[in-house]
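Student: Given only the sequences and the hints, what does the whole structure look like? Please build it.
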Amino acid sequence: MRLFLCLSLLLLLTACTAGFLPRWLIPADQQLFVQGIEGVDTIGEVPDAFATLQQRYPDSPWTAKAQAVQSLLETIQKQQKTLQQLKDRQTASRKQNQKLQEQIQLLETDLETLEVERTKLRQLLIDLEQRGR
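With our numbering applied, the sequence shown covers 1 to 133.
Incorrect hints may appear among the rest.
[Claimed, not checked] Computed list of lysine-lysine pairs in DSSO-like fashion (alpha-carbon distance at most 27 Å, straight line):
#, residue 1, residue 2
1, 95, 81
2, 87, 99
3, 95, 78
4, 65, 81
5, 78, 65
Just so you know, these hints were derived from the structure itself, not from any lab.
Tutor: Below you can see the structure in the form of structure tokens.
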């Protein structure tokens, strides 16, 4: 009975602690996964810890999670590359659009000048026809 009471008290005290286990109590595969996640935070790429985890513990549930994280990281990198390409294309399109707008403005100015010249020539032709009569 006394043993049961001591174990219950020990269990209760253990449950009330902060929840972090000492490093030596955490399984090695889980430690590698945590190192990999921390590596993602610092370098933003697929860390070597995930490769080590997959080599040493291929059947671990942490390996499957590491593969999922790796897949998501690759997807993010591809999408970032695509996004950068689209931004570059957008910038080029904006520059081309601006050049075309400037060209349109010049052509409209030329058109107005030609319209004025045409009106003058028409009036000159009318004046010449009236003199000829």
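Student: All hints, please: hold or fail.
Tutor: Here is how each hint holds up against the structure:
no.: 1; hint: 95 / 81; verdict: holds (21 Å)
no.: 2; hint: 87 / 99; verdict: holds (18 Å)
no.: 3; hint: 95 / 78; verdict: holds (26 Å)
no.: 4; hint: 65 / 81; verdict: holds (24 Å)
no.: 5; hint: 78 / 65; verdict: holds (20 Å)
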